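Chain by chain, the residues:
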Amino acid sequence: MNKNIDIIDSPVLKIDKLHIAYNKTDKYAVKDVNVTVKKNAITAIMGPSGCGKSTLLRAINRMHELYPAIQTEGGIYLNEENIMKMSPIHLRRKIGMVFQRPNPFPTMSIYDNVIAGYKLNGIRIKKSEKDKIVEEALRSVALWDEVKDSLHKKGTFLSGGQQQRLCIARAIAFKPDVILLDEPTSALDPIATSKVEDLLVKLKKDYTIVMVTHNMAQAARISEYSMFMYLGDLVEYGKTKMMFTNPRDKRTEEYLTGKFG
Amino acid sequence: MGVKQNTIELKDNSAYRRLKDKLFLWAVIVVSLITISPIVLIIGKLAWKGFRQINFSFFTEVTPSTYDAMIAVSNNEVIPGGIVNGITGTLLIVGVASLMAIPIGILIGLFLFENGQKPYANLIRNLSDILQGVPSIVLGLIAYLWVVKGITHGYSAFAGSVALTIMMLPLIIRATEETMKMIPGSLKEAGMALGVPYYKVILRVLIPSGFSGLMTGILLSISRILGETAPLLLTALGNPMINWDATAPTSAVPLLIWDFYNDPNMVDLIWSSSLFLMGFVLTLNIISKRIIAKR
Amino acid sequence: MKSDTITKYVLFISSVVILLVSGGMVFSLIGDAVPVFEKFGWRFITSTEWNPTEGRESYGALPFIAGTITTSVLALLICLPMAFATSLFIAEYFRKSSFASVIGSMVDLLAGVPSIVYGLWGFYTLRPFIVELGLDPQGYGIFTSGLILAIMIIPYATSLSSEIISMVPNELKEAAYSLGATRLEVIKYVVIPNARSGIIASFILAFGRALGETMAVTMLIGNANIIPTGLFSTGNSMASVIANQFGEADGLKMSALIAIGLLLFVITGIINAVGKLVIKKMS
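Residue numbers (our numbering), protein chains in the order written: chain A, 675 to 935; chain B, 2 to 296; chain C, 666 to 948.
In isolation and in its complexed conformation, chain A is listed as follows (with noise of 0.2 Å):
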């Protein structure tokens, strides 16, 4: 099953020939993935639950290995450097990740929360670049007005749909390479999801995106590239106008047309 394309010049990402189980004995929840993720774009993995979209995500910043069992094969490179070879710990710097649901943490403040990564990675810095760096993460979410003079209160006084931005900028806190998200907007109401979606376009700008959506429309709206994943399988990789317009395999255009998912 190799119907992926090249297609991407100048890659961030590649993923080469990679196999991930739950473990030893069960079979594989991804199989055989070779992909190239454009740079400065919003690539999108779709499909129906339990296809692997998820598992392949966590992956590529290594967060798969909490289940200690797992078995991975194969590799994963950013910027040519096998994330494999890195520690997960520096690793996940140079990747970020947000959730499905909003998840900033309760016991710290939303300016605790932005800054977050420093203190969770021992990073001392001055209060004035602390400052200079919440600042410019919450005004890059579009978050900074609403929040600024709230700083020291704890974040979960928020809106879902602030929170889930405020996580965000908890990602971009460390200027990552990539950010990954994980069904960001499932937990969200459509004002919400609009304002998730209007900023991700935004920060592709400055970041490479990857995101797994349920939401066929939503990676209409925001991706320029998508992936098709079913049963594990990457079935269909390429621009996503071209995908949602000219499927080329039988599944992809099932799913795109609603006959399961």
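Rather than coming from a laboratory, the hints here were simulated on the basis of the structure. Don't take each hint at face value.
Stated by the list, open to error - Here are the in silico distance ranges between beta carbons for each label pair:
#, chain 1, residue 1, chain 2, residue 2, range
1, B, 179, C, 790, 32 to 42 Å
2, B, 35, A, 889, 48 to 58 Å
3, B, 179, A, 745, 35 to 45 Å
4, C, 681, B, 179, 15 to 25 Å
Treat the numbers as computed from the prediction; the structure is a model and nothing was measured. C-beta: ideal position from N, C-alpha, C; glycine also.
Please build the complex by placing chains B and C on the supplied structure of chain A, with the hints as guidance.
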């Protein structure tokens, strides 16, 4: 290339942090193993030193006199006699306590379940929580004041039972209420809708469907009080003979252990008696855990 | 419907038992403690003299209050790292694995050991060990009692702490991992802050347990009616003095012992109430 620029050089400090992480994990493992070591050492010691004394007469004969024990020890023989007066005493005291605590505890638990968060129910719940925290020696004092001085006019098994009843009550109340909360409300409503009297719904529906939960609570509360010594010291006192009269002084296994500990001639008997007591308590514990696992 | 009314009344009346028991307990303890407070007033709490000789009777509970507090605080200090590490073992590092359930059930077994068996083990194993280490020639006293109390309260602290730690949402931990945190950093910055009040409550409740423990302390503390002067000093706790002196007590001395029981009741009541309050605030 993007416009972003890292203002701060992020050097890879991960090797040092991962080392710290590893060291902490090992510290947690080592300290946890130290924490559980006493249970292994205690059971090991009891088994090693106690098994020699446990024989048929251990369960059928009363405690020997100090003199007999002294003779046996000086001849390097196994101390004669057994602890049957303690076993029967424990059965009597714990039995009477259970007869009082189980029905009353279940009724109060049902009352709390019925009345939810009403102020009076909350008061009862909080008082029950406070009772659970009262040191057992204080319960011994209370039973002494109420029963030894007030009812039996002398040390008695019943006084011990009263102290242990107060210990058991909060545990049974809690277990009953928690169990009732787990029973689907539809079961109760189905019974009520048929016009069955409420007491029949309790007896035929609620208690049978919550049986395993109630049983677990009861067994755990009995295992908690079986080894209690302090309150019995102030109430049941002890008795060298088998006694089934609840108004008379009565022995119990933990009381015998205390007596043996204080009598240099009989000190060898502490291990077998403790082994027996631990075995009893742990068996109850394991049975109740099995019930939970089955549920 | 008449039978239903009767059922409701039966349930209500049984609940009155709790009122009667708790009210009667306070009433009886205070009633029988009155003589000693009438005679000595506040001196009963502040005096260190304990003299049952007829004619020169004098009762002060300060040494026992001091003995209870020192042994229990020591127990808490020893218990803290052990219960904390074990909770992390069960609820974080080896969560849901068979290691965790083995360690968990062994900790539960510790809760099942009767106090008097702890006393025996302390007397015949721990005490000689302390003598052998050269810490103290007798091996009795505050330290030995505190150590055995620590072992006794570990299961109480561990079972609640590990329950609370296991309730820290996984998504928060994942957020921290995704920012590059090591497991230790996740524990330090996410698990502990989120579980803090529950962990504190579990140690407060365990401390409450230590205050009232009787037999093991009675067998190890050395039974001296003095204010402990050091780690290996002998002493007496409130519970142990009741157990030790009850047999030959009557009159004013009995009243003094009951007054000590009342103090113990009040102190443990306050500590438990604080612990429960912390838990309630959390949820």
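Hint-by-hint comparison with the structure:
no.	hint	result
1	179/B x 790/C: 32 to 42 Å	holds, 38 Å
2	35/B x 889/A: 48 to 58 Å	holds, 52 Å
3	179/B x 745/A: 35 to 45 Å	holds, 42 Å
4	681/C x 179/B: 15 to 25 Å	holds, 22 Å
In summary, the structure agrees with every hint in the numbered list given earlier.
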